[in-house]
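Per my numbering, residue 66 is the first one in the sequence shown, and the count goes up by one each step.
Hints are computed from structural coordinates only; laboratory data are not their basis.
All C-beta atoms in this analysis are idealised placements derived from N, C-alpha and C, irrespective of residue type, glycine included.
Be aware that a few hints might be false.
Taking CB as the label site, the calculated pair distances span [as the list claims (entries may be wrong)]: (1) Asp615 - Gly390: 19 to 27 Å; (2) Leu329 - Asp615: 45 to 53 Å; (3) Arg109 - Gly390: 52 to 60 Å; (4) Val598 - Gly286: 22 to 30 Å; (5) Gly289 - Asp587: 36 to 44 Å; (6) Phe554 - Ser521: 20 to 28 Å; (7) Asp587 - Arg105: 34 to 42 Å; (8) Ala304 - Asp615: 56 to 64 Å.
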Amino acid sequence: MTIDAAPTASCFAVPSAPVDARITDTLVGTRRLMRLVLRRDRARLSLWVVGLVGLMAVSARSIASLYETPGQIRTYVDTVGDNPALVMFAGPGYGFDDATVGAILVNETSLWVALAAALMNVFLVVRHTRTEEDTERLDLVGSLVVGRHAPAAATLLVAGMANLAVAVGCTVAAIAFGFATAGSIALGASIGLTGLAFGAASAAGAQVASTGRSALGASVGLVGLAFVVRGIGDVAAPALSWSTPFGWGLGVRAFAGERWWTLLGLVGFAIGLFVFAVWLSARRDLGSGLLSQHTGPATASPSTRRPLGLAVRIQRVVFVGWAVGIVAAGLVYGSLADEIEAMVADNPELADYFAGAGGATLAESYLATTMQMMALVIGGYAISATLRTRHGEIRGTAESMLATPLTRWWWAGSTLVVATVTSLLLVGVAGLTIGMSYAASVGDWSEIGTMMVAASSVAPTVLVLIGVATMLFGWVPRATVAAWGVLAFVAIVTLFGPVLRLPDWVVDLSPLARMSAVPAEDWNTTSVVVMMVVAAALVAVGLVGFARRDLATG
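The whole structure should be built from the sequences, with the hints applied where relevant.
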């Protein structure tokens with residue numbers, strides 16, 4: 066006997082409703098989906114908001130104490146204002162013609178906090194739109210009374226709430242440390258609206274891309290492209306900067322005669338891109354993108370038939386992107402080392418910040434601090450690469466692969482090997498580029514070797530972060546976001562420990578604080594060995610935990 070099943074309809078299918086259907090019908094269920102997004106991302110968003118506001122607060126306190134006199138402010142402007150490399154990475158220096166400490170705060174923090182806010186929005190939006198389609202959870206949501214555009218609208222509204230929290234928090238932090246109220250409001254609003262604009266751009270990208278991974282890659286690439294275009298514009302063609310949200314955000318000129326109308330431009334960016342995303346979503350089927358996915362060869366290459374080769378293939382594009390960024394940053398930071406004495410000539414507080422122990426020069430202390438900062442950046446890559454295992458588990462690919470004779474140790478270990486090797490390569494690239502740039506500026510090529518030693522001194526810290534991520538994945542997979550919290554803690558201790566006057570026992574919890582600050586300090590073999598043993602133990606514990614637990618796809 067044959068039973069004919071009635072066809073089912075999803076509210077996410079290409080609409081066949083009358084043309085005069087109200088837009089509100091496509092937003093049914095938005096409020097409930099907002100609660101769901103907040104429930105699922107409460108930990109991630111809390112870390113992002115607290116981290117961004119904390120960074121602004123610590124920076125505001127530090128800058129307010131370092132640049133207290135007009136002479137100190139003028140020395141900063143004279144050293145930084147005309148350097149094309151710093152303009153590329155910090156902004157055009159609005160207000161430097163009549164500089165105040167507020168202009169320095171904007172130049173030192175605004176662009177980087179806005180960049181972090183943009184990434185927060187990209188990850189949030191892609192995760193709750195395109196990635197939800199890949200995992201087919203959106204099919205379950207769509208079987209309920211939910212409008213077609215409700216998931217995207219709910220995600221953008223939550224992103225707006227997170228950006229509002231960041232904007233208000235940054236504003237309050239700046240005001241609390243004595244910065245002008247109007248400039249502080251402009252600074253906070255520009256950061257929040259810049260992030261929201263990129264969130265809307267990610268919503269549009271999610272409609273075009275064929276997978277969540279490609280949507281994330283394209284959205285992050287768009288952020289990077291906008292950053293580069295803005296930098297080129299600020300250096301050579303100011304009009305070009307206004308083609309990006311970063312340019313509009315900096316264009317508010319916080320603490321330099323605020324131009325509030327530029328904030329309307331950011332609002333227009335966000336609204337226009339979201340409307341564009343809605344228009345695109347009505348022209349595709351659920352689970353597909355406007356750009357068809359490349360099918361690839363009929364059979365896999367011999368290398369990708371093995372777990373290690375597949376892990377390399379998955380990570381290679383991301384690694385190349387990070388490597389390009391590390392090279393660019395290394396060349397800039399290395400070129401500035403020869404100018405550090407001029408930068409602190411009239412600023413004893415800044416000189417104390419870079420002061421080295423044991424008779425180290427200011428340049429050596431600066432290079433050691435720069436290498437530590439690069440280690441923190443690379444630590445972010447290391448955690449992300451390590452947690453590719455968790456992504457595979459959530460998306461179900463781990464279940465498919467482990468249904469074969471492949472063991473859990475080989476599957477997770479392959480990703481771990483790739484994450485470790487590529488992270489160490491990035492550390493080496495950082496040391497090499499900083500050393501080459503500094504050596505070229507001072508004419509002493511032995512500095513390349515010195516910086517390679519400095520790179521090897523911070524490498525164990527990156528390995529410890531990999532170990533922490535692996536341990537969390539193995540035993541508490543739903544808490545792997547805590548690995549980012551560990552990185553944030555290490556960053557705060559490293560960059561702002563002296564400013565915050567943290568107790569010694571708190572500083573000692575940071576693996577980076579236990580490593581020698583080469584070249585300002587001598588190489589410490591004991592610290593390197595101990596940290597490598599700790600990293601190996603964390604990895605082993607994590608792999609054992611993964612072998613003993615059930616797969617957790619939620």
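Right, here's what the structure says about each hint:
A beta carbon spacing of about 38 Å between Asp615 and Gly390 contradicts the range 19 to 27 Å that was offered as a hint. Checked against the hint of 45 to 53 Å, the C-beta distance between Leu329 and Asp615 comes to roughly 52 Å, which is consistent with it. Take Arg109 and Gly390: their Cβ atoms lie about 23 Å apart, and the range 52 to 60 Å is violated. Judged by the Cβ atoms, the range 22 to 30 Å given for Val598 and Gly286 is violated: they are separated by roughly 38 Å.
The supplied range of 36 to 44 Å is met by Gly289 and Asp587, whose beta-carbon atoms lie about 38 Å from each other. Separated by about 23 Å at the C-beta atoms, Phe554 and Ser521 satisfy the suggested range of 20 to 28 Å. Hint check: Asp587 to Arg105, Cβ distance near 48 Å, so the stated range 34 to 42 Å is violated. Distance hint for Ala304 and Asp615: a CB-CB separation of about 57 Å, consistent with the stated range 56 to 64 Å.
In terms of the numbered hints stated before, the structure departs from hints 1, 3, 4 and 7, listed from lowest to highest.
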